[in-house]
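A.B. asks: If you read the sequences in order, they're chains A and B.
If you're matching positions, the first sequence starts at 1 in this note's numbering and goes up one per residue.
If you're matching positions, the second sequence starts at 1001 in this note's numbering and goes up one per residue.
Since no wrong hints were added, every one of them can be taken at face value.
List of simulated lysine-lysine pairs, DSS-like, C-alpha gap at most 30 Å:
#	chain 1	residue 1	chain 2	residue 2
1	A	Lys71	A	Lys18
2	A	Lys18	A	Lys69
3	B	Lys1057	B	Lys1070
4	A	Lys65	A	Lys18
5	A	Lys57	B	Lys1098
6	B	Lys1108	B	Lys1057
7	A	Lys65	A	Lys17
8	A	Lys18	A	Lys57
9	B	Lys1098	A	Lys18
10	B	Lys1070	A	Lys57
11	B	Lys1070	B	Lys1108
12	B	Lys1098	A	Lys71
13	A	Lys69	B	Lys1098
14	A	Lys57	A	Lys17
15	B	Lys1098	A	Lys65
16	B	Lys1056	B	Lys1108
17	B	Lys1057	B	Lys1098
18	B	Lys1098	B	Lys1056
Keep in mind that the hints were calculated from the coordinates and are not lab data.
Every value quoted in this text rests on a predicted model; they were computed, and no experiment measured them.
Letter by letter, the chains look like this.
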Amino acid sequence: EAQVTQNPRYLITVTGKKLTVTCSQNMNHEYMSWYRQDPGLGLRQIYYSMNVEVTDKGDVPEGYKVSRKEKRNFPLILESPSPNQTSLYFCASSLFSGGNQPQHFGDGTRLSIL
Amino acid sequence: TQLLEQSPQFLSIQEGENLTVYCNSSSVFSSLQWYRQEPGEGPVLLVTVVTGGEVKKLKRLTFQFGDARKDSSLHITAAQPGDTGLYLCAGTTSGTYKYIFGTGTRLKVLA
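Looking at chain B on its own, in the form it has when it is part of the complex (with noise of 0.2 Å):
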């Protein structure tokens, strides 16, 4: 079974740091996506990253697919409380229609 390992697992920070969470995995992926869930709901899409050395911004997210497309990492700048939520990692490998998810960042900002 192909992992998609994220980092850290956990994570608390003061409103107004800045962080970055990664998302490893030895598997080539065709396209990685991110998404944030919130307690008593469902994931929700941020971002799909589908080239490799592929950025993308979303207001204070940068999210950046790896060169070799195996990796992927979202930094946030100036964290909100709003920001508070668990991230996933997601995505395909060439050939197949399996969906992998990673096993999940918890973050918490602190007012």
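Chain A extracted, bound-state conformation (with noise of 0.2 Å):
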């Protein structure tokens, strides 16, 4: 089944304490990008990839890292987490980069920071 899968699901940490959150597609996608959601803001990119080892920043990069060692995966690092990264994180992948593109979602992380 074509998926984009997202772990973990739910995750409560303390501020400071580095965590990975893990993306992984197997439709052979070459665009992946990573989203977080928040009340009456909709969804703000926060990085992108267009391919293996080539990423860039989206609209809200601060705080976040990201890596594309391969096609099928794309982790989001946060290496010093803070209260204000507390949100429902979704990672999208698309066939190629471009606006035509459907873009196929995971089910989400959420990310409580205390």
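Got two chains here, separate frames each, mind docking them using the hints?
C.D. replies: Laid out in structure tokens, this is it:
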């Protein structure tokens, strides 16, 4: 089954403790992206990757890192999480970059930073 | 930061009513997409519009892209409870690979 898989689905942690949210897709998609969703703000893009070893900042990259060493995986790293990073996070992928490509989303990761 | 403003933010209607959701920007978009999101899940693509003035229909849903490619609308005819969800517009501007999402319209259709 074609899918985007995020782990974990839920995480409660404390300020400053490094964490990684994994994202994997099995569709051989080139474009992958991370978003955060906050009430009243919609989805905001954190980072995106157009292919292996090619990443770029979205609108809200501060406090986050990403890497794309393999085509299928695109982990999101919070080196020193802070409470303002408490949010619902989504990973997405599409076949190519470009606004006419459908994005396939994971089911989300709810992060709470205390 | 380019913005996509959606209106209304919330909408609660009776089954069988019609409704329109708007997505507006001051920027020109190379294409616009509409997604629907249900609780506990990621957004799911409904449609992509690419050409200014384009109209697409998906059963009872009609999507339109503005002539100047700065706005879009979603019209639902005879809404049903199954249409309940969060509707999001999204797009990219020419020359970028960033996605901009709208602020969302939360629709509730009452039986």
